[in-house]
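Asks: So you can see what is in the structure, the chains are spelled out below.
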Amino acid sequence: MFRIVRATITEPLLDPDSSAGGVVTFDGRVRDLNEGQAVQALEYEALVDLAVKEGERIIEEALQRFPISASACVHRVGLLQLGEIAIRVEVAAAHRRAAFDACEFIVDEVKRRVPIWKKEHYTSGATDWINAHGNQMVTDDAFYSRQIRLPEVGEEGQNRLKHARVLVIGAGGLGCPAMLYLAGAGVGHLGVADGDQVDPSNLHRQPLYQASDIGSPKTHLAAERARSLNPFIDVREHHSRITARNAESTLSEYDLILDCTDNFKAKFLLNDTCVRLGKQLISASVDRFDGQLLAISSEGPCMRCLWPEAPEDGCVGSCEDDGVLGYVPGVLGALQAGEAIKCILGLGLYGVLTLVDLRDVTTSQVKLRKNPDCPTCGEGTPAIRDGLFVSDLHSTDLIIDIREPYETIVQPLNRVKQMPMSNFDVTDKALKEANRVILVCAKGLRSAHLAVHLRQMGLTNVFSYDGGASDISIP
Amino acid sequence: MSVKRAIHIRYFASMREHRGLGSETVLTTAASPAALYGELAEAHNFRLPQSLIRFALNGEFAEASALLNHGDELCLIPPVAGG
Numbered sequence: 001m002f003r004i005v006r007a008t009i010t011e012p013l014l015d016p017d018s019s020a021g022g023v024v025t026f027d028g029r030v031r032d033l034n035e036g037q038a039v040q041a042l043e044y045e046a047l048v049d050l051a052v053k054e055g056e057r058i059i060e061e062a063l064q065r066f067p068i069s070a071s072a073c074v075h076r077v078g079l080l081q082l083g084e085i086a087i088r089v090e091v092a093a094a095h096r097r098a099a100f101d102a103c104e105f106i107v108d109e110v111k112r113r114v115p116i117w118k119k120e121h122y123t124s125g126a127t128d129w130i131n132a133h134g135n136q137m138v139t140d141d142a143f144y145s146r147q148i149r150l151p152e153v154g155e156e157g158q159n160r161l162k163h164a165r166v167l168v169i170g171a172g173g174l175g176c177p178a179m180l181y182l183a184g185a186g187v188g189h190l191g192v193a194d195g196d197q198v199d200p201s202n203l204h205r206q207p208l209y210q211a212s213d214i215g216s217p218k219t220h221l222a223a224e225r226a227r228s229l230n231p232f233i234d235v236r237e238h239h240s241r242i243t244a245r246n247a248e249s250t251l252s253e254y255d256l257i258l259d260c261t262d263n264f265k266a267k268f269l270l271n272d273t274c275v276r277l278g279k280q281l282i283s284a285s286v287d288r289f290d291g292q293l294l295a296i297s298s299e300g301p302c303m304r305c306l307w308p309e310a311p312e313d314g315c316v317g318s319c320e321d322d323g324v325l326g327y328v329p330g331v332l333g334a335l336q337a338g339e340a341i342k343c344i345l346g347l348g349l350y351g352v353l354t355l356v357d358l359r360d361v362t363t364s365q366v367k368l369r370k371n372p373d374c375p376t377c378g379e380g381t382p383a384i385r386d387g388l389f390v391s392d393l394h395s396t397d398l399i400i401d402i403r404e405p406y407e408t409i410v411q412p413l414n415r416v417k418q419m420p421m422s423n424f425d426v427t428d429k430a431l432k433e434a435n436r437v438i439l440v441c442a443k444g445l446r447s448a449h450l451a452v453h454l455r456q457m458g459l460t461n462v463f464s465y466d467g468g469a470s471d472i473s474i475p
Numbered sequence: 001m002s003v004k005r006a007i008h009i010r011y012f013a014s015m016r017e018h019r020g021l022g023s024e025t026v027l028t029t030a031a032s033p034a035a036l037y038g039e040l041a042e043a044h045n046f047r048l049p050q051s052l053i054r055f056a057l058n059g060e061f062a063e064a065s066a067l068l069n070h071g072d073e074l075c076l077i078p079p080v081a082g083g
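Heads up: the sequence lines are chains A and B, in that order.
When the letters of the first sequence are read in order and numbered with this note's numbering, they come out as residues 1 to 475.
When the letters of the second sequence are read in order and numbered with this note's numbering, they come out as residues 1 to 83.
Mixed in with the good hints there might be a few duds.
[What the hints assert, rightly or not] With the C-beta cut set under 10 Å, the calculated list includes, among others, these residues of chain B facing chain A:
id: 1; residue: Phe12
id: 2; residue: Arg16
id: 3; residue: Leu48
id: 4; residue: Pro49
id: 5; residue: Ser51
id: 6; residue: Glu60
id: 7; residue: Phe61
id: 8; residue: Ala64
id: 9; residue: Ala66
id: 10; residue: Gly71
id: 11; residue: Cys75
id: 12; residue: Pro78
id: 13; residue: Ala81
[What the hints assert, rightly or not] Here are the computed distance ranges between Cβ atoms for each label pair:
id: 14; chain 1: B; residue 1: Ala34; chain 2: A; residue 2: Lys370; range: 14 to 24 Å
id: 15; chain 1: A; residue 1: Arg245; chain 2: B; residue 2: Glu63; range: 31 to 41 Å
id: 16; chain 1: B; residue 1: Ala43; chain 2: A; residue 2: Arg369; range: 25 to 35 Å
FYI, nobody ran anything at the bench for these hints, they're computed from the structure.
Heads up, the beta-carbon is just placed ideally off N, CA and C, and yes, glycines get one too.
So here's chain B without its partners, still in its complex pose:
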């Protein structure tokens, strides 16, 4: 059985609207931002495909396949177009 990690998630723009929260800490077995996004999308019916989301891990842009560590902060950044 995989180890659960605590990941602090911050939601921006439309991600925040979909989730109804600015941030939360989740306990997850997901090992990558992509896997974690998959879990969250299923739990909360996110409609944006993962390919459109950019992940910032501890303040740096990270690949969707990057490795998540216990205590990481993950920002979910969707594109924004309004003006």
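Just chain A, with the same shape it has in the complex:
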């Protein structure tokens, strides 16, 4: 018997008969010190289904390997205080030696194989996730070791992923694989938004869920699964359908959005909101054996350069009407996660529509052309862009570096105000008070875009530095 429990462990696990000459009980307890740091409490988290399966397997192995009559193990999850029992192992055998040996075997194997993590709360206020019992510590180095080895990732890329803020909208056929690969890659701030509950018809293509989840909200299940997979990331749940009313406030906390929705209305809403807020968008859709994939940067080209007006929902098929095999959105959702990771690493492929045909297993790519009259990413009214770019700076200018922390760490700009675009406060009083506000980013694209946005909001004293942070000299 192997169980994961929340409640305090008090009772014995076995009730051995008189053939048992010895019963060995081991209690693993919360200790006040780990690697020199004073510990205040521990939080255990388990991938419960997997943990129970693996735990049962270990118990079974112990029964076969040692001459014992019974064995059991219970592990707690949740918040534990100092001195509380985290794990109890009990073994009954005719002779004590076998009972001791089997007990040690079970404890060692549980430590080694069962997916349980602990978060240590130090008295210093700091916290740290490590693998249960410290025997084999899961450090983030070990977790990401295979991908850090890639020259395209490396330590710097992993750091970028850690600071990335990605929102998956739609936790369905596309969103499920996308969530898993983004969580696995170590996207440090991962959000999931969906208003639906798990329906029986979802399960064949949405492998985050199981039959016992039917009726439960998808966002919570998806978030929990991502947290269990990777204890080093922060996962947020937005249990609501994205609408025009909440899109801007929900998206504003993120830098990159995955459109895993299943209707044109939502797709075009996300397209427009992302361009307006300066977010990157990775959109995908499926129809039977076909898929389409498109990455959009806030400068465009965007979805409306191709389809200026959103097609009516229902004009082409849906998974509900036409049917779909589970792996089709699976492939496209995995590709979305991959494109998102590449965008974060600076390898993004924007403005190219990728057509995936899984009947023939072929892909085709068509480059989008930016439509200057695009209602979403077009040039806008000329007056707004007048004199937008400046290259001469004065000592009275308020210069703002809008790059993200992972960029400014690598290439800092001194004596300028830092306000990352992802966290830009348009109500900051300094913006209005300054004679001129000059925005600087890496290449001058984002700064131009944000300057247009701020001018549209009435801040006509905003300009974009014509160039990037690498060729600026601060007066």
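With chain A's structure known, arrange chain B on it following the hints.
Replies: Okay, now just chain B, sitting in the frame of chain A:
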């Protein structure tokens, strides 16, 4: 009488379902993607209006009124929404 051109057509997503084929080569007098789509829609009862179809001509998005040349490859790309 107009000259007939051979155009290699590739159908995607619901277009492929409607046509029942992934690709075909047609001989046509149609001079533009719009005209060719009109011919095909009539022959095969396509229900999507031409305004919803995007045309990629030899790997580049093209206007519906672009000029078709003998030997061109034309992709018919409908919008896709499922997820």
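Asks: Kindly confirm whether 31 to 41 Å is satisfied by the beta carbon distance between A:Arg245 and B:Glu63.
Replies: Holds, at about 36 Å.
Asks: Go ahead and decide if the range 25 to 35 Å is satisfied by the Cβ distance of B:Ala43 to A:Arg369.
Replies: With Cβ atoms ~30 Å apart, the hint holds.
Asks: Quick check on B:Ala64 please, does its C-beta sit within 10 Å of some C-beta on chain A?
Replies: Status violated, d = 13 Å.
Asks: Quick check on the hint: B:Pro49 CB to chain A CB, less than 10 Å?
Replies: holds (8 Å)
Asks: Report holds or violated for the interface hint on B:Cys75, using the least CB-CB distance to chain A and a cut-off of 10 Å.
Replies: Interface hint status for B:Cys75: holds (7 Å vs cutoff 10 Å).
Asks: Given a cut of 10 Å on the nearest C-beta pair, is the interface hint for B:Phe61 held or broken against chain A?
Replies: holds (6 Å)
Asks: Would you settle whether the hint for B:Glu60 is holds or violated, based on the nearest Cβ-Cβ distance to chain A being less than 10 Å?
Replies: holds (7 Å)
Asks: Using the nearest Cβ pair, does B:Pro78 come within less than 10 Å of chain A?
Replies: Holds, because the Cβ-Cβ distance from B:Pro78 to chain A comes to roughly 6 Å (cut-off 10 Å).
Asks: Classify the hint on B:Arg16 as holds or violated, based on whether any CB of chain A lies nearer than 10 Å to its CB.
Replies: holds (7 Å)
Asks: Hey, does the B:Gly71 contact hint survive, CB to chain A under 10 Å?
Replies: With a minimum Cβ separation of about 18 Å from chain A (threshold 10 Å), the hint on B:Gly71 is violated.
Asks: Let's test the interface hint: is any C-beta of chain A closer than 10 Å to that of B:Phe12?
Replies: holds (6 Å)
Asks: Is the hint on B:Ala66 kept, meaning its closest Cβ partner in chain A is under 10 Å away?
Replies: violated (13 Å)
Figure legend: structure checked against the earlier numbered hints; hints not met, in rising order: 8, 9, 10.
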